[in-house]
Amino acid sequence: MSGNGAQKQPLLDLRGLSLSFGGLTVIDGLDLHVDEHEIVSVIGPNGAGKTTLFNLITGAYRPDEGDILLDGESLVGLPSHKINQRGVARTFQTLRLFLNMTVKENVMAAQYGHTRSSIVEQMLQLPRARREEREINAFAEEKLGFFGERLMGYRWNQPAYSLSYANRRRLEIARATASRPRILLLDEPAAGMNPVETHEITELIGKLREEGGFTILLIEHDMHVVEGISDRVIALDHGVKIAEGSFDQVATNPRVVEAYLGTSAAVTK
Amino acid sequence: MSTESPSQQPATSPQIGVDEWVQRSGERIAGPGGLLRLADRTPPVLLLAAFIGIACAVPLLTSNGYVIGVDADTLLYVLLAIGLNVAVGWAGILDLGYVVFYGFAAYLFAELSSAHYDIHWATWQTVPLVVAATVLLGFVLALPSRRLNGDYLAIVMLFFLQMFNNFTTNGYAWNWLGLSGSHDVTGGPTGVTNIDPFRIFGHVMGPGPRDYVFVTAAGIFVVAILFHYVNRSRTGRAWRALREDPLAAEMMGIPVKWLSLLAVAVGAGVAGFAGSVNGAYYQGVFPDTFMFPLLITVYAMVILGGAGSLGGVVFGAVVVNVLLEILRTPDHARWVFYAAMILGLLAKLRPWRLLGALVAGVAVFGVVAHEIVGAVWARGVGGPIATGPTSFTTHGFWATLIRHWMVLPKNTYTAEDYRIGNYAFVIVIVLVLACTALKGWKRWALLVPTIWGACFVWETVLIEQNPVVRPLFLGVILIVLMATRPAGLFGKTRVEIV
Numbered sequence: 000m001s002g003n004g005a006q007k008q009p010l011l012d013l014r015g016l017s018l019s020f021g022g023l024t025v026i027d028g029l030d031l032h033v034d035e036h037e038i039v040s041v042i043g044p045n046g047a048g049k050t051t052l053f054n055l056i057t058g059a060y061r062p063d064e065g066d067i068l069l070d071g072e073s074l075v076g077l078p079s080h081k082i083n084q085r086g087v088a089r090t091f092q093t094l095r096l097f098l099n100m101t102v103k104e105n106v107m108a109a110q111y112g113h114t115r116s117s118i119v120e121q122m123l124q125l126p127r128a129r130r131e132e133r134e135i136n137a138f139a140e141e142k143l144g145f146f147g148e149r150l151m152g153y154r155w156n157q158p159a160y161s162l163s164y165a166n167r168r169r170l171e172i173a174r175a176t177a178s179r180p181r182i183l184l185l186d187e188p189a190a191g192m193n194p195v196e197t198h199e200i201t202e203l204i205g206k207l208r209e210e211g212g213f214t215i216l217l218i219e220h221d222m223h224v225v226e227g228i229s230d231r232v233i234a235l236d237h238g239v240k241i242a243e244g245s246f247d248q249v250a251t252n253p254r255v256v257e258a259y260l261g262t263s264a265a266v267t268k
Numbered sequence: 000m001s002t003e004s005p006s007q008q009p010a011t012s013p014q015i016g017v018d019e020w021v022q023r024s025g026e027r028i029a030g031p032g033g034l035l036r037l038a039d040r041t042p043p044v045l046l047l048a049a050f051i052g053i054a055c056a057v058p059l060l061t062s063n064g065y066v067i068g069v070d071a072d073t074l075l076y077v078l079l080a081i082g083l084n085v086a087v088g089w090a091g092i093l094d095l096g097y098v099v100f101y102g103f104a105a106y107l108f109a110e111l112s113s114a115h116y117d118i119h120w121a122t123w124q125t126v127p128l129v130v131a132a133t134v135l136l137g138f139v140l141a142l143p144s145r146r147l148n149g150d151y152l153a154i155v156m157l158f159f160l161q162m163f164n165n166f167t168t169n170g171y172a173w174n175w176l177g178l179s180g181s182h183d184v185t186g187g188p189t190g191v192t193n194i195d196p197f198r199i200f201g202h203v204m205g206p207g208p209r210d211y212v213f214v215t216a217a218g219i220f221v222v223a224i225l226f227h228y229v230n231r232s233r234t235g236r237a238w239r240a241l242r243e244d245p246l247a248a249e250m251m252g253i254p255v256k257w258l259s260l261l262a263v264a265v266g267a268g269v270a271g272f273a274g275s276v277n278g279a280y281y282q283g284v285f286p287d288t289f290m291f292p293l294l295i296t297v298y299a300m301v302i303l304g305g306a307g308s309l310g311g312v313v314f315g316a317v318v319v320n321v322l323l324e325i326l327r328t329p330d331h332a333r334w335v336f337y338a339a340m341i342l343g344l345l346a347k348l349r350p351w352r353l354l355g356a357l358v359a360g361v362a363v364f365g366v367v368a369h370e371i372v373g374a375v376w377a378r379g380v381g382g383p384i385a386t387g388p389t390s391f392t393t394h395g396f397w398a399t400l401i402r403h404w405m406v407l408p409k410n411t412y413t414a415e416d417y418r419i420g421n422y423a424f425v426i427v428i429v430l431v432l433a434c435t436a437l438k439g440w441k442r443w444a445l446l447v448p449t450i451w452g453a454c455f456v457w458e459t460v461l462i463e464q465n466p467v468v469r470p471l472f473l474g475v476i477l478i479v480l481m482a483t484r485p486a487g488l489f490g491k492t493r494v495e496i497v
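Same order as they appear, the protein sequences are chains A and B.
Quick note: the first sequence uses numbering that gives the first Met the number 0, first residue 0, plus one each step.
Quick note: the second sequence uses numbering that gives the first Met the number 0, first residue 0, plus one each step.
No lab work stands behind these hints: they were computed from the structure.
Glycine is no exception: its CB is placed at the ideal position from the N, C-alpha and C atoms.
Take the hints with a grain of salt, since some may be wrong.
What the hints assert, rightly or not - Simulated restraints, written as ranges between beta carbons of each label pair:
hint, chain 1, residue 1, chain 2, residue 2, range
1, B, Leu176, A, Gly15, 47 to 57 Å
2, B, Val494, A, Glu148, 49 to 59 Å
3, B, Thr328, A, Gly152, 54 to 64 Å
4, B, Ile53, A, Glu72, 50 to 60 Å
5, B, Val335, A, Gly76, 58 to 68 Å
With the hints as extra help, turn the sequences into a complete structure.
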């Protein structure tokens with residue numbers, strides 16, 4: 000059982016989070032925490048509020064009530080780029096790469112928040128601008144190297160749109176890691192992938208934690224992925240947390256079955 | 000050019016699908032050919048040096064004041080296009096207020112170095128001050144971008160342009176909140192004149208365009224190099240990222256709002272320098288200079304050259320300004336018109352037989368039309384041919400050719416027969432529409448009178464009216480460009496995945 004966090008502060012802590020659009024309540028009093036070095040999966044049927052949850056954490060929406068704490072400090076009200084610089088990076092369910100930039104540039108652009116040289120320094124190519132440029136380059140190559148041969152070599156200078164779908168998904172993860180986050184929010188990383196690629200992504204997520212040292216909050220529909228890597232699974236339905244625990248606990252929880260399959264199925268079970 | 004034997008091709012090309020094949024995909028995609036490819040492969044510094052060299056050689060090689068003047072004007076446009084490219088090409092912001100910055104700088108320079116307020120600061124004081132003030136104005140006018148984007152921002156920026164024009168036109172009786180009494184700020188419709196020329200190291204620049212060619216060329220050299228470096232650094236990448244996807248950029252730690260402001264302001268800085276040069280070079284600033292026609296011209300330059308490509312916008316500025324300059328004189332404009340028409344047909348018509356038939360058809364149609372009109376209405380074919388703004392001829396080889404092929408009413412350029420051209424204009428437009436509706440041989444048949452009609456309208460009406468023809472040509476060029484190379488001559492075609 001996960002502790003109640005009395006002795007150890009969670010990395011990401013959502014407290015009583017609520018959001019409604021007009022009369023429609025999308026997230027309703029949600030409490031959720033992710034501990035350092037943990038992989039937490041959020042599951043739930045379509046429209047359960049999973050992606051909205053990511054949008055709240057990254058500052059695209061502002062919660063009506065509740066608080067979002069990263070390492071004890073509130074993120075509510077900060078602009079998205081500040082939240083990213085604090086250590087939260089995400090990928091998108093519908094890919095949002097910088098398509099007409101090269102593969103390497105995509106990853107280099109994400110380091111903006113961690114570099115400081117001013118436009119005048121860049122114009123005059125002063126030492127700091129040149130040093131930072133070298134560092135950005137090396138860091139981008141390192142991050143792309145994380146994906147083995149997939150995003151290496153000649154692919155660096157190809158535009159992102161020329162990549163295959165699976166590689167674009169990988170590049171989005173690479174871009175997110177290049178913004179030096181502490182926690183990665185992955186929005187359906189295995190969506191649209193074939194079984195082999197799904198397996199590969201599952202291993203990659205594990206590797207991101209083990210070697211990259213990232214904490215990961217994951218939205219995923221593919222239960223093989225969720226089962227394979229989650230320390231903890233949280234089920235959402237209509238913006239409410241209906242179950243939390245290990246994969247087996249959540250998967251057999253009658254309310255979860257009901258949310259996915261309807262009432263009668265839950266009863267016959 | 001050596002031709003590769005086709006039999007060699009399969010031996011060297013790797014198997015489809017292997018890594019090497021993917022790696023070489025860039026070669027298989029039809030890139031720019033010929034000259035464009037050469038320009039692509041030459042180091043940018045060499046291209047820039049060549050451009051500056053040619054521009055500076057003009058005043059050394061000729062003493063023709065008109066040619067040097069065109070050279071100076073063109074360089075000024077190049078500078079403006081480079082500045083506009085920052086917001087439009089790199090950051091993807093529709094900065095329709097750009098001309099305000101140019102005008103503001105020209106006015107500010109004028110007021111700091113003329114008898115208007117009796118201030119005559121030195122050039123080394125005014126130019127940095129004007130540039131700094133214009134950058135500041137750039138930040139201020141771009142503030143709506145914090146809340147608006149796309150079309151909405153564009154409309155607000157356009158409003159600033161109109162407001163600037165109103166202010167400069169009516170600023171001769173400015174009254175600060177009713178407290179100060181009437182006060183002449185901008186000189187009103189007559190503007191500010193007798194502006195001091197640049198004085199650099201005691202050397203008085205001008206009067207005349209010669210010295211300003213060197214000043215502007217130096218400015219372009221510096222600005223192009225500075226911008227080249229910015230484009231390759233974190234700011235340039237961030238601009239491109241926000242052009243591609245502002246939301247994703249923001250979530251990847253890029254402060255999108257700040258970078259939008261910065262893009263507009265940096266562009267404004269270039270316009271600030273260009274505006275100072277404008278004031279000193281033309282020695283007068285007037286409200287109507289800084290209005291929509293200028294905005295459209297500079298935009299056309301950026302779009303034609305390829306927004307986002309530094310070399311491209313320079314090329315675009317040169318092409319557009321030189322072309323517009325040629326169109327001023329009917330004698331030169333005629334060559335542009337017929338050349339453009341023949342090039343258009345060459346590019347679009349296949350097979351060659353069809354092209355030959357069409358040209359022959361147009362020639363025969365013209366001669367027949369000439370004979371028929373001549374027989375029915377003698378005055379209808381006795382007109383002269385425009386050669387200059389107010390000069391006409393009936394002699395010479397080309398004149399004879401045109402006179403026997405075209406119907407030129409005698410009094411076209413005076414009064415009575417003027418309307419014929421106007422009616423013909425409408426008829427030609429109807430014919431063009433009909434051509435788009437028809438298919439097959441009927442279209443080709445109808446194209447004959449359409450082309451001849453267009454030439455008729457050109458010879459009897461348009462050739463004399465360069466204020467109409469210039470924007471018309473610009474429009475035609477942009478339409479053709481949109482159909483053939485939407486990204487501009489040197490621009491990279493942008494791809495979206497649906």
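Could you work out which earlier hints the structure fails to respect and list their numbers in ascending sequence?
2
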